[in-house]
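Student: Just need the whole structure built from these sequences, with the hints factored in.
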Amino acid sequence: LIAKLSVEINNHWGIEDKTLAEFICSLGEESKSLDDFHERLGDNGADATPQLAQTFYNLIMTLGGKKAKLANPSAAAIRRPDLVPPERLENDERAQQFPGLAVPDKPDREELKLDRPDERVGAA
68 LIAKLSVEIN NHWGIEDKTL AEFICSLGEE SKSLDDFHER LGDNGADATP
118 QLAQTFYNLI MTLGGKKAKL ANPSAAAIRR PDLVPPERLE NDERAQQFPG
168 LAVPDKPDRE ELKLDRPDER VGAA
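According to our numbering, the stretch in the sequence shown is residues 68 to 191, in order.
All clues stand as given, with none of them false.
Distance windows between CB atoms, simulated: (1) Asn-111 with Pro-174: 54 to 64 Å; (2) His-79 with Leu-181: 50 to 60 Å; (3) Asp-182 with Ala-70: 49 to 59 Å; (4) Leu-101 with Leu-181: 44 to 54 Å; (5) Thr-86 with Met-128: 19 to 29 Å; (6) Phe-165 with Gln-118: 37 to 47 Å; (7) Trp-80 with Met-128: 12 to 22 Å; (8) Arg-161 with Asp-103: 32 to 42 Å; (9) Val-170 with Glu-83: 41 to 51 Å; (10) Trp-80 with Asp-102: 13 to 23 Å; (11) Glu-178 with Leu-130: 33 to 43 Å; (12) Asp-114 with Arg-176: 53 to 63 Å; (13) Leu-130 with Asp-84: 12 to 22 Å.
Keep in mind that the hints were calculated from the coordinates and are not lab data.
In this text the structure is predicted, and so the values were computed from the model without any measurement.
Just so you know, even glycine gets a beta-carbon here, dropped at the ideal spot from N, CA and C.
Tutor: Listed below in structure tokens is the structure:
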């Protein structure tokens, strides 16, 4: 993300500065909307056109997103929290960090069963 922002900053402003890219990224993550982001850029002295602000904002939202999203558990555990046994979440630090990976295996699932000729009903 920072590298992409740095390239865009260099293309539009002719400045190669990783710190500036990180600052713009933090402004984007703190902003509630594109208009808020454009206003924050202007408040900090950036001469950004609405199109450039939109380019920066889209990069930040697409590649970086909000930092709060990174702190959330996996999507599978959010959709189906009943899949992970509560005692496993309480006792296992890794299961707390990666609840989607803490779901127990179920080797008897239908999609894992093979259709074997010798097990068919009425097989000769």
